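Participant: What follows is the residue order along each chain.
2 protein chains.
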Amino acid sequence: MLQVGFDIGGTNIKVGVVNEKMEIVASRREPFPTGEKYEKVADIMEELVREMAEELNVTVSEFQSIGIAIPGSLDPECKIILDAYNLHFHNVPMKQVMEERFPGIPVFLGNDANVAALAELHCGAFVGSKTAVLMTLGTGVGGGLILDGKMFNGGTGHGVELGHMVLQEGGERCSCGNRGCVESYCAATWLVRQGRKAVIEHPLSMIHKRANGDMKRVTAKLVVDCAKAGDYIAKDIFHLYLGYLSSAIVSICVLLGPEVIALGGGVSLAGDFLYRPLRKMVNEKSFFKGKNQVVPAKLGNDAGILGAAMLKWNAEQSK
Amino acid sequence: MLQVGFDIGGTNIKVGVVNEKMEIVASRREPFPTGEKYEKVADIMEELVREMAEELNVTVSEFQSIGIAIPGSLDPECKIILDAYNLHFHNVPMKQVMEERFPGIPVFLGNDANVAALAELHCGAFVGSKTAVLMTLGTGVGGGLILDGKMFNGGTGHGVELGHMVLQEGGERCSCGNRGCVESYCAATWLVRQGRKAVIEHPLSMIHKRANGDMKRVTAKLVVDCAKAGDYIAKDIFHLYLGYLSSAIVSICVLLGPEVIALGGGVSLAGDFLYRPLRKMVNEKSFFKGKNQVVPAKLGNDAGILGAAMLKWNAEQSK
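Quick mapping for you: the protein sequence lines, in order, are chains E and Y. Each residue of the first sequence is one higher than the one before, counting from 180 in the working numbering. Each residue of the second sequence is one higher than the one before, counting from 180 in the working numbering.
Check before you lean on any hint, since a few could be wrong.
Note: identical chains are not told apart, hence a pair may lie in one copy or across any two.
[To be verified] Computed list of lysine-lysine pairs in BS3-like fashion (alpha-carbon distance at most 25 Å, straight line):
hint	residue 1	residue 2
1	376	400
2	470	258
3	468	258
Quick caveat, the hints were computed from the structure, so don't treat them as lab data. Quick caveat, the model's predicted, so the values are computed rather than measured.
Whole structure, please, built from the sequences with the hints as guidance.
Facilitator: Here it is in structure tokens:
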């Protein structure tokens, strides 16, 4: 039982063939052809599938499904890419386009954050869970929900946007137009912004030194590393960040009571330095003391491929 | 097909017999015997059931189930009342106690907010919906979730506490111990607090006049009525309230994308004066523009009885 999983991003098209043990037995990576029409992208995708079939010495028809993780919004039936800004795709009937190229093989689309949560359910942090939340802390804050043991695409089929829950009424303006969104305080970008301020305002700080006084060299990792090394300014920034992040997690916990909340994205790799104080804060703040398990996501870069390969399974659960 | 539904509160025990058309065909109300042990409460409940059977000229065994809405927390199996502070009930094995009194009739317990959402699903604001949220604006803020067309009791079986989502990081202290909870800003109590301040700070305001300068006479309804009548101070308070409430609703909308959000409790009765500006704000703030339907809850005082009568149905869906 082989499934194909695509993970389409603005930089790369990644694809893998996944077997029933959730092992990636063949894979490819191609640059995303920015500016090209979707038919060209479909040409590349078709070629990659045929190459992998050849590599595995199977016929294409032995692939049970083709799943595609998309960084954007889909119609409620998950047939059409409504808007994927990084890909410059708008109203692209991707399911139909791919099914025409592979007659007899069902094609499934999914939002990339939802798909990553699905992968964690099958072979990552959510194995054995029925209610779980993936929260990715990157340039923005995204995430996916598992409810009743299945991927949840929002009650109206428009996905979930946990980065746009309100954390600070009337707070900082978010790119979505609203104020005080979780994304404005919990994205890695928030750490970068505070680190850059520190470069200007605190010339004696370790952040200033390690960035060589150059704001552009400040990354979230640099700020976290300075905090780990004991710099007071960086520790202050990180403590504030933990306050925001723990409150965002609490909001999700009291509404859904998930068995597991997993964190993904660069910031989530900070280890015990992040999780120990974060768990303590979540526990102190949450109405449900001791019921909330906060862990790192397990699958990292392969989550898109693995989850996309499970989209057929997920669709069958929802029938 | 007759079901019995109990709605137990700190003031009254209410009970009704509900037929398959969701009509209450018999009902009773008794004061809750504060301070008595649970066996005494069960005695009263048993007597009420027998009385109603007699009134309807049926045998008790014709009741298909007994459902009980509880203002408190239950164990994940919904057999034991863990804590119902208003009733002074702690670790009460209510399901067993009632099943012993009515052999052969299955007994079901549910949290009252969840049960009210279940009632709205069957004969109220949620008919035909698969994903819906009930938010009750009273002394506190509570609520219940419908997910996948069923009552949702939280992923770990401890209910949902949407009043304790964080709306204002680091904001006002809430009775739960955390800061900035939705309950601290969206409960009717918030309107009362602001109205009382106005009595002191604004002696020329309509709020001061209508309350006769007496803080104790300020209610949420008085503040809303003054705002409706055009008083500037009251309008300011109400506008701020709408800001908080719309943000709380947005947080739920972006996470779950419910088809319907219904508001219950006294404040929810303010009509178009509430819903027109509230819907506009929710739409402006939400990531999902135009996807969120905000309506008044329909069932009011009968929601507990009707929802409790549906607990057997709900349990069968979850199998």
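Participant: Now tell me, hint by hint, if it's right for this structure.
Facilitator: Results for each hint:
1. In this assembly of identical chains, the alpha carbons of residue 376 and residue 400 lie at most 25 Å apart only when taken from the same copy (15 Å versus 47 Å across copies).
2. Taking the shortest alpha-carbon separations for residue 470 and residue 258, only the inter-copy value of 19 Å comes in at or below 25 Å, while the best intra-copy value is 37 Å.
3. Taking the shortest Cα distances, residue 468 and residue 258 sit within 25 Å of each other only across copies (21 Å), while inside one copy they are farther apart (41 Å).
The structure fails none of the hints (numbered hints given earlier).
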